[in-house]
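Asker: Single-letter residue listing:
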Amino acid sequence: MAFPAEKAELMSQAAEIERRSTTPVRFSAKEAARLVARTTAVDAVGLEERAASLAKRSIKRESKLWALDLAIRCMDLTTLEGSDTPGKIVAMCAKAVRPNPIDSSIPSVAAVCLYPHLVPVAVGQLKGTSVKVASVAGGFPSGLGPLDSRLREVREVVELGAHEVDIVLNRSLFLGGRYAQAFEELVAAREAAGDTHLKVILETGELGSYDRIRQASVLAMAAGADFIKTSTGKITPAATLPAALCMMEAAREFFHETGRRVGVKVAGGIRQSKQAIQYLVLVYETLGAEWMTPDLFRIGASTLLNDVLMQIDKERTGRYQGPDYFTID
Amino acid sequence: MTERVPVRRTAKLFIGGEFPRSESGRSYEIFGEDGRVLAWAARASRKDLREAVRAARAAQPGWAAKTAYNRGQILYRVAELMEGRRAQFEAELADAGAADQAWGVNAAIDRWVWYAGWCDKVHQVLGATNPVAGPYFNFTIPEPTGMVGIVAPPDQPLLGLVSRLAPAIVSGNTAVVLASERAPLPAVSLAEVLATSDVPGGVVNVLTGFTKELVPWLAGHMDVNAIDVTGVPEDMRAEVESLSAENVKRVTRAKAADPFSPEAQSPYEITALMEFKTVWHPMGA
Amino acid sequence: MAKIERQEPQAPERREPVWEYATAPESTDIVRLEDRYGLFVGGEFVEPKSGRYFETINPATEETLAEVAEAGPEDVDLAVSAAREAHERRWRDLPGTERAKYLFRIARMLQERAREFAVLETMDGGKPIKESRDVDLPLAAAHFFYYAGWADKLEYAFPHRRPRPLGVAGQVIPWNFPLLMAAWKLAPALATGNAAVLKPAETTPLTALLLGQVIQEAELPPGVVNIVTGAGETGSNVVTHPDVNKVAFTGSTEVGKIIRRALAGTGKRLTLELGGKAANIVFEDAPLDQAVEGVVNGIFFNQGHVCCAGSRLLVQEPAFEPLLDKLKDRLQTLRVGNPLDKNTDIGAINSRQQLQKIEELVASGVEEGAEMYQPECVLPERGFWFRPTLFTNVSQSHRIAREEIFGPVLSILTFRTPAEAVEKANNTPYGLSAGVWTDKGSRILWMAERMKAGVVWANTFNRFDPTSPFGGYKESGFGREGGLHGLEPYLDFDGDSE
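Protein chains in written order, with the working numbering: chain W, 1 to 329; chain D, 1001 to 1285; chain V, 2001 to 2498.
This is chain W alone, in the form it adopts within the complex:
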């Protein structure tokens, strides 16, 4: 259920405040809870049909090469395993800066994404490059540890030099209907991160319906997130085209009503170039060309990178490629 008039009223009040001040708008927890209740309804069948029809868009050569290049530039090369060691991070950082050692036309990825413990290694390796260090924080992936230790973790990774922080929405509170409290935790994390780029992971695979995904998106954006992100990658389903479309529609509406662009990151289960391009089509058709930049769109992935490199070579040479010709790290 949604009441555009009332929501527009709330949003335009917020936009007014934002225009007058230099800091992002602050909703109160109570306002945020009402925002959730008034979120635009989502019809699942219609949403999935739209996502499916966009997935059939046919992209040919020149556009495809540009899209593949953009996919790399928007990629957060990710490793989030309990077994990650400094050695693994060193190798991954080298790959992040120079994905194809024999082809210097291939750009660097946007960022590496890893656990707090490995941040110093990555910061050291990536000094002087364009690749950012993104760290998960705040009790990833469940987000259910004590609040003060979660917030402390956010502050610490910032101090360690991370350029970006990825936290999770507290689904226990959200799915339990405690919207105001879930909102307050997000605002606290926003403050703990200071000016550092903050992504809020919604964990769309746990939310149960697209209405919930839209509500969670609104909540996170209202709390001041720089990016909303689909998944932790630790459960299935992770990113799906309809879930991403739902979030993009929410971001589009938020932009129209507050003037602030919030980025969208899709993560988890994206292994093939074809999928990456489908997500780019969604961005283009829903949000427009302005969002086609790493500042506003990211893909969290690991094995995707080599598939993209293979596709680039296929487009250039006309031959299907094999994995032996691309380094693992």
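Possibly wrong hints are sitting among the right ones.
As a list, the in silico BS3-like pairs of lysine-lysine whose alpha-carbon atoms are at most 30 Å apart [stated by the list, open to error]:
1. V:Lys2474 / V:Lys2357
2. W:Lys314 / V:Lys2474
3. D:Lys1012 / W:Lys56
4. W:Lys30 / V:Lys2328
5. W:Lys56 / V:Lys2101
6. V:Lys2257 / V:Lys2101
7. V:Lys2452 / V:Lys2268
8. W:Lys56 / V:Lys2357
9. V:Lys2357 / V:Lys2049
10. V:Lys2342 / W:Lys274
11. V:Lys2328 / V:Lys2342
12. W:Lys60 / V:Lys2328
13. D:Lys1066 / V:Lys2342
14. D:Lys1047 / D:Lys1012
15. V:Lys2257 / V:Lys2268
16. V:Lys2342 / W:Lys64
17. V:Lys2424 / V:Lys2452
18. W:Lys274 / D:Lys1066
19. D:Lys1066 / V:Lys2440
20. V:Lys2257 / W:Lys64
21. W:Lys88 / W:Lys30
22. V:Lys2257 / D:Lys1066
23. D:Lys1277 / V:Lys2257
24. V:Lys2101 / D:Lys1255
25. V:Lys2452 / D:Lys1277
26. W:Lys60 / V:Lys2342
27. W:Lys64 / W:Lys274
Quick caveat, the hints were computed from the structure, so don't treat them as lab data. Note that the structure is predicted; figures quoted are calculated from it, not measured.
Model the placement of chains D and V on the given structure of chain W, informed by the hints.
Answerer: Quick look at chains D and V alone, frame taken from chain W:
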């Protein structure tokens, strides 16, 4: 010039889309009308039956979730493949002592096509919207009952089997079939047809073996929703119905004794294995 | 812990998007066009006794595709005789199970040759390949498949009534879904044991003729289906032929009335599927982003050449501005162009004649005071094109709110209460379809109950299925196609008086 040595057939069980031997390692002889040994068929045990039920249960939600049109197309394709195997079916029917094999195969294929065409129609004929006395939209839809055990008739090993199996799976049920003990080879060939069609593994499972040994286990299984007792020996009928009481299984049997009679095919054979769900919804601005 | 100096990463160069859907044209190699097509009569392609031919063009390029025979009165007479003979000698008494198998064959062959048919449909009619490939072809094959299954089950559809075929059906179809309309007409007619004489629209004869080839390959008994190409006069000869028992017509309300008058007193059975001016009703609480898709699909699908198009948007006033903004944004992303390009959303207008009609009505809209909006898009030089168009400030009395435009033009009106929406939606002589968008289930059903329309779509639009009956109230026609109800027009029953 030496005569070519033919490659003989092994008749195995069909469970979850695969052809395992019985876990008991047992098998038994299939005799032709003339007394010679046609083949050895696997002799299914209660554990094989347990696995078959498990496979059928696992496959059921996916099969029921397909659109009716999709199921209809898949089942029509089965008929295409049956047509391609005419010669084998006719030979098997001859071995089993059938009089007019060609007619028997024709009837079986045409009956399969007949039932395939019901997938997307049975709801229109036997569902309803009900004009209740109040501002409510009320509709009744038939849904598949779930997992069905079928004891195939011992005689008419192809047409008799098709007449019980096709109506069961049209609506989205999955099945475990106890093939005719005396003449199981047409059932095995039908299983091979199903395995090479688009029917997902587990939707139909075929067990060859001793009917009297397996029937009680099927009748008593708590995860089987319905049992077709057409092929159950007379002296076991009462026992089967009694065992079925434990989880209130639906018990059905062929309405016509002779599968060649026109009464042997009917949409009511389909709805005998369906549940009718009625939904109410207010109508108000 | 010492605070680590955070290195600011070098900002990467911000590159300008090079995002263009490079043209992705479907190849036409798969289609083998002949220079000249004869009529399909008695199972053979024959030269017309009339000796006359006419051209069919590709409306996107104005190129001639082929010459097609023009059936004169003698040709129509021969076709009807062939149908009569086939019905009596080779079809009526064939068991339903055998009839079914012929229809299953045709369905399967349509699936096998789907790409070829889709490309030809786009070339001849102008609709985007995306639609002919994803909508027209699958539905046409499904229609034959569904009705095939009824051929031997009629006694269950009509218990105690002993259904019997009528004999020869004369069927005239329009140019907006050429192959699909052929399927909608032929499948139930044949399944019920009738023979048919089909007259495709003069601007789109080619897929019907290719269907004739499929019918030949399926070895359908000769004469059961006959295809006589031609224009209005041919159609008139078909429907008024004394040996035709049943007439089925899909087309404009104007011609439908002419046919009704022509058949008066003849005892022929008749079904009509005519025009529409459907209301697509959006409530404030609707899932708005999906509603936008539904509204866009409702009027721009197939360039608006759809009898059941949602050509009037009735939006609840509080949602008017947000919806209009979203609609305008969405219109900017619609791609008008080469119908063979897989990325094209809106194809060519079917003919110069239709384009002129659209232009005339749109001009009337401006003149009567409505406000027009069209996105900027470059239209190709040759061919017939029209930009997707919105009109706001529309009232019920405007011509663009009353008359069927049959083009990509949406008239937007507002309402305040559900009762007002009902009243406005029904305030038309038409009654083919309606759309309702709201998150509230009870309101969907309340509205559906009150719509004077043969098809109501809730939170969706333009959904078709062979199992789902389709047809109109009031001047949108009578009779239903699809579903169990679609069998009835082709049958005679015990106890029916002549």
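Asker: Next step is simple, just say for each hint if it's right about the structure.
Answerer: Against the structure, the hints come out as follows:
1. V:Lys2474 / V:Lys2357: 24 Å, holds
2. W:Lys314 / V:Lys2474: 59 Å, violated
3. D:Lys1012 / W:Lys56: 44 Å, violated
4. W:Lys30 / V:Lys2328: Status violated; Cα separation ~33 Å.
5. W:Lys56 / V:Lys2101: 34 Å, violated
6. V:Lys2257 / V:Lys2101: Violated, at about 37 Å.
7. V:Lys2452 / V:Lys2268: 27 Å, holds
8. W:Lys56 / V:Lys2357: 33 Å, violated
9. V:Lys2357 / V:Lys2049: Given pair Lys2357 (chain V), Lys2049 (chain V) is violated - Cα atoms ~34 Å apart, limit 30 Å.
10. V:Lys2342 / W:Lys274: 17 Å, holds
11. V:Lys2328 / V:Lys2342: Since the Cα atoms of Lys2328 (chain V) and Lys2342 (chain V) sit roughly 23 Å apart, the hinted pair holds (cutoff 30 Å).
12. W:Lys60 / V:Lys2328: Measuring from Cα to Cα gives roughly 27 Å; hence the hint holds.
13. D:Lys1066 / V:Lys2342: Roughly 28 Å between the alpha carbons, so the hint for Lys1066 (chain D) and Lys2342 (chain V) holds.
14. D:Lys1047 / D:Lys1012: Holds, at roughly 15 Å.
15. V:Lys2257 / V:Lys2268: 15 Å, holds
16. V:Lys2342 / W:Lys64: Given pair Lys2342 (chain V), Lys64 (chain W) holds - Cα atoms ~15 Å apart, limit 30 Å.
17. V:Lys2424 / V:Lys2452: With Cα atoms ~11 Å apart, Lys2424 (chain V) and Lys2452 (chain V) stay inside 30 Å; holds.
18. W:Lys274 / D:Lys1066: 26 Å, holds
19. D:Lys1066 / V:Lys2440: 28 Å, holds
20. V:Lys2257 / W:Lys64: Violated. Lys2257 (chain V) to Lys64 (chain W) sits at ~53 Å, over the 30 Å cutoff.
21. W:Lys88 / W:Lys30: Outside the cut-off at roughly 45 Å; violated.
22. V:Lys2257 / D:Lys1066: Outside the cut-off at roughly 43 Å; violated.
23. D:Lys1277 / V:Lys2257: 44 Å, violated
24. V:Lys2101 / D:Lys1255: Roughly 26 Å separates the two Cα atoms, so the pair holds.
25. V:Lys2452 / D:Lys1277: Measuring from Cα to Cα gives roughly 29 Å; hence the hint holds.
26. W:Lys60 / V:Lys2342: Judged against 30 Å, a Cα distance of about 11 Å means the pair holds.
27. W:Lys64 / W:Lys274: Holds: Lys64 (chain W) and Lys274 (chain W) sit about 10 Å apart, inside 30 Å.
In this structure, the earlier hints numbered 2, 3, 4, 5, 6, 8, 9, 20, 21, 22, 23 are contradicted, and the remaining ones agree with it.
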